[in-house]
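> Single-letter residue listing:
Number of protein chains: 2
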Amino acid sequence: MGEFDLIERFFKPAAAQPGAAAQIALGIGDDCALLQPGAGMQLAVSSDMLVQGRHFFADADPVALGHKALAVNLSDLAAMGARPLCFTLALALPAADECWLAGFSNGLLALARQHQCPLVGGDTTRGPLNICICVLGEVPAGQALRRSGAQVDDDIWVSGTLGDARLALQALQGQCALPAPVLAQARQRLDRPTPRVALGQALRGIASSAIDLSDGLAADLRHVLRASDVGAVLDATALANLLAVGASTFAASDLPDAPTCLSLALTGGDDYELLFTAAPARQADILAAARTAQTPVTRVGHVVAERGLWQTGPHGARTPVDARGFDHFG
Amino acid sequence: MGEFDLIERFFKPAAAQPGAAAQIALGIGDDCALLQPGAGMQLAVSSDMLVQGRHFFADADPVALGHKALAVNLSDLAAMGARPLCFTLALALPAADECWLAGFSNGLLALARQHQCPLVGGDTTRGPLNICICVLGEVPAGQALRRSGAQVDDDIWVSGTLGDARLALQALQGQCALPAPVLAQARQRLDRPTPRVALGQALRGIASSAIDLSDGLAADLRHVLRASDVGAVLDATALANLLAVGASTFAASDLPDAPTCLSLALTGGDDYELLFTAAPARQADILAAARTAQTPVTRVGHVVAERGLWQTGPHGARTPVDARGFDHFG
Chain E
60 MGEFDLIERF
70 FKPAAAQPGA
80 AAQIALGIGD
90 DCALLQPGAG
100 MQLAVSSDML
110 VQGRHFFADA
120 DPVALGHKAL
130 AVNLSDLAAM
140 GARPLCFTLA
150 LALPAADECW
160 LAGFSNGLLA
170 LARQHQCPLV
180 GGDTTRGPLN
190 ICICVLGEVP
200 AGQALRRSGA
210 QVDDDIWVSG
220 TLGDARLALQ
230 ALQGQCALPA
240 PVLAQARQRL
250 DRPTPRVALG
260 QALRGIASSA
270 IDLSDGLAAD
280 LRHVLRASDV
290 GAVLDATALA
300 NLLAVGASTF
310 AASDLPDAPT
320 CLSLALTGGD
330 DYELLFTAAP
340 ARQADILAAA
350 RTAQTPVTRV
360 GHVVAERGLW
370 QTGPHGARTP
380 VDARGFDHFG
Chain D
60 MGEFDLIERF
70 FKPAAAQPGA
80 AAQIALGIGD
90 DCALLQPGAG
100 MQLAVSSDML
110 VQGRHFFADA
120 DPVALGHKAL
130 AVNLSDLAAM
140 GARPLCFTLA
150 LALPAADECW
160 LAGFSNGLLA
170 LARQHQCPLV
180 GGDTTRGPLN
190 ICICVLGEVP
200 AGQALRRSGA
210 QVDDDIWVSG
220 TLGDARLALQ
230 ALQGQCALPA
240 PVLAQARQRL
250 DRPTPRVALG
260 QALRGIASSA
270 IDLSDGLAAD
280 LRHVLRASDV
290 GAVLDATALA
300 NLLAVGASTF
310 AASDLPDAPT
320 CLSLALTGGD
330 DYELLFTAAP
340 ARQADILAAA
350 RTAQTPVTRV
360 GHVVAERGLW
370 QTGPHGARTP
380 VDARGFDHFG
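Residue numbers (the numbering used here), protein chains in the order written: chain E, 60 to 389; chain D, 60 to 389.
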């Protein structure tokens, strides 16, 4: 199977069809794709690379990998409040393994269809497995959610659940033991993160800042605090209750203890949830946006003027958060 | 050195500065970059991945590699007649080698500056060396040069010189012997291709189709012929004279023979020149565009109705071209 057969067979079904969207003037098959953003719209652009042995195991399910490769990119669009338009895929493969390609393209394609975000171009080459996606979205000019807008006294919110992906990773790496059903549920969050695309768009005009959680809440929140020149106090009790498996019917004895849950939420990474800030007066709007987007949200702290990051426990004592996030070269 | 220090130190100088271009509303440093294309403009998007051992040697000069990684992407914009706007860079590195990074970012940055095409985002991770760039450009709506516009009787043109990159590669791989000065000149074309960005834009409204030459003229021309539903006859004599080293003062005995030169031009690959078609009546316009862009062009054949690809030698006999281009999975 040659390079062009491979694209034709596995990726054409994910490709932009003529007339798929008014914004896609030309899809796959030329030197470039051509986009025509709507009047008054800005284009949001982001790129993420997944590497075997770093972001996923060598035996990773290719369907889940196809899903995740696009999901982590869509999550960046969500964090800007942008609507997905299309993506490019550059893929280095050790060999043209048809079984792997079928699974990968199925996982990729299903999520692309769900978000009406077709493939418009890219590159395939031989090499150590590497998946690089560049995603493009559209947002009304001036309405993108930036990292720099957090204001003193704003509430800090997160979507969904935190820490399960890292818990699953630790169990898979033998660093902790988990009952099989607990691991299975946590692993869903590791393998198939849900980009919060609808919530991001629903938060336009409501949230003062936003970021997606990929390196762990503490590290990612620090990017917002630095960009906004503010500090934050986090509610340790709220954070320790954010594991998806913690909200299930598992016995408490089958789950990590509270300090571990807090640590997973703060430093876990790979959550692909949104963290956002908003004025306290916008609480009703936020809950309405969350209902519209069918995505739970939780208030986990507030913004303060003094630069730094603290947590408060059940008795109100403030302690500094020194947890750092994942750093590929740290 | 952590991931964020690495970006700050080596890639911030290449990043979009505030007010760099009206089209770049937000550069590096948030979840996405934001672009605001000019009124009536379409965005052209393309992505290419370079892998060690496949596209370059392990000991490749990092300055040349930085140049080439962006050049091959700019070449795709050139082939659409688009003006470069900005790019994202996703980089997998085995280690944060400061010397390598300094060279790579210097080569990348110099070409980015030359084309006023700043870095607006991306990703860095640890892994086998892999460079993935996604480039964005701007072209007036409806004026992009497509592969599908070639008409019967159109002339076929190429820019610059062909075959030197493959000649250098063959010499470096020990498949042929070249005098050191010949290799040095040919190697410049392998290591530092020149994306024909100005020519691509100058050909808008003149060329009926265009493609950039990355896999070899025969293979890339076939993409144009298929998309345009036509065939072509190439001038073997013209093609055999397209080596840059052939136009130099080297003795004929130091250079490949004519059949080898023809083969290098047809199947060499890695040329990053433009191939384009135009009506014979546009010849003066093409030569004027070439002068404006300070890029030589050569007529190398013409389009015919019968599907297929032929070459004619000095005595006019037509023979089929069966040469195929480079295929990563062939």
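Among the hints, erroneous ones may be present.
Copies of the same chain look alike in the list, so a pair counts if it works inside one copy or between any two.
[As the list claims (entries may be wrong)] Calculated cross-link-like contacts (lysine to any residue; reagent style SDA-like; alpha-carbon spacing at most 25 angstroms):
hint, residue 1, residue 2
1, 71, 199
2, 71, 339
3, 71, 352
4, 71, 285
5, 71, 201
6, 71, 288
7, 71, 316
8, 71, 169
9, 71, 351
10, 71, 230
11, 71, 372
12, 71, 286
Simulated from the structure, these hints should not be mistaken for laboratory data. Since this is a predicted model, take the numbers as computed values, not measurements.
> All the hints need checking, so say for each whether the structure fits it.
To see whether the hints hold, each was checked on the structure:
In the homo-oligomer, the alpha carbons of residue 71 and residue 199 never lie at most 25 angstroms apart, since the shortest distance is 30 angstroms inside one protomer and 27 angstroms across protomers. Taking the shortest Cα distances, residue 71 and residue 339 never come within 25 angstroms of each other, neither inside one copy (47 angstroms) nor across copies (35 angstroms). Proximity of residue 71 to residue 352 under the C-alpha cut-off of 25 angstroms is found in neither arrangement, the shortest distances being 30 angstroms within a copy and 36 angstroms between copies. Taking identical chains as interchangeable, the C-alpha atoms of residue 71 and residue 285 lie at most 25 angstroms apart only when they sit on different chains, with a minimum of 17 angstroms there against 43 angstroms within one chain.
Taking CA atoms no more than 25 angstroms apart as the test, residue 71 paired with residue 201 passes between copies only; the shortest distance there is 24 angstroms, against 35 angstroms inside one copy. For a Cα distance limit of 25 angstroms, the shortest separation of residue 71 from residue 288 across copies, 20 angstroms, qualifies, whereas the shortest one inside one copy, 46 angstroms, does not. In the homo-oligomer, the alpha carbons of residue 71 and residue 316 never lie at most 25 angstroms apart, since the shortest distance is 48 angstroms inside one protomer and 42 angstroms across protomers. In this assembly of identical chains, the alpha carbons of residue 71 and residue 169 lie at most 25 angstroms apart only when taken from the same copy (13 angstroms versus 36 angstroms across copies).
For the identical chains of this complex, residue 71 and residue 351 are neighbours neither inside a copy (33 angstroms) nor across copies (39 angstroms), given an alpha-carbon limit of 25 angstroms. Taking CA atoms no more than 25 angstroms apart as the test, residue 71 paired with residue 230 passes in neither setting, with 37 angstroms inside one copy and 38 angstroms between copies. For the homomeric pair residue 71 and residue 372, neither the shortest alpha-carbon distance inside one copy (53 angstroms) nor that between copies (39 angstroms) is at most 25 angstroms. When the C-alpha separation of residue 71 and residue 286 is checked against a cutoff of 25 angstroms, the pair qualifies only between copies, where the shortest distance is 16 angstroms, while the shortest distance within a copy is 40 angstroms.
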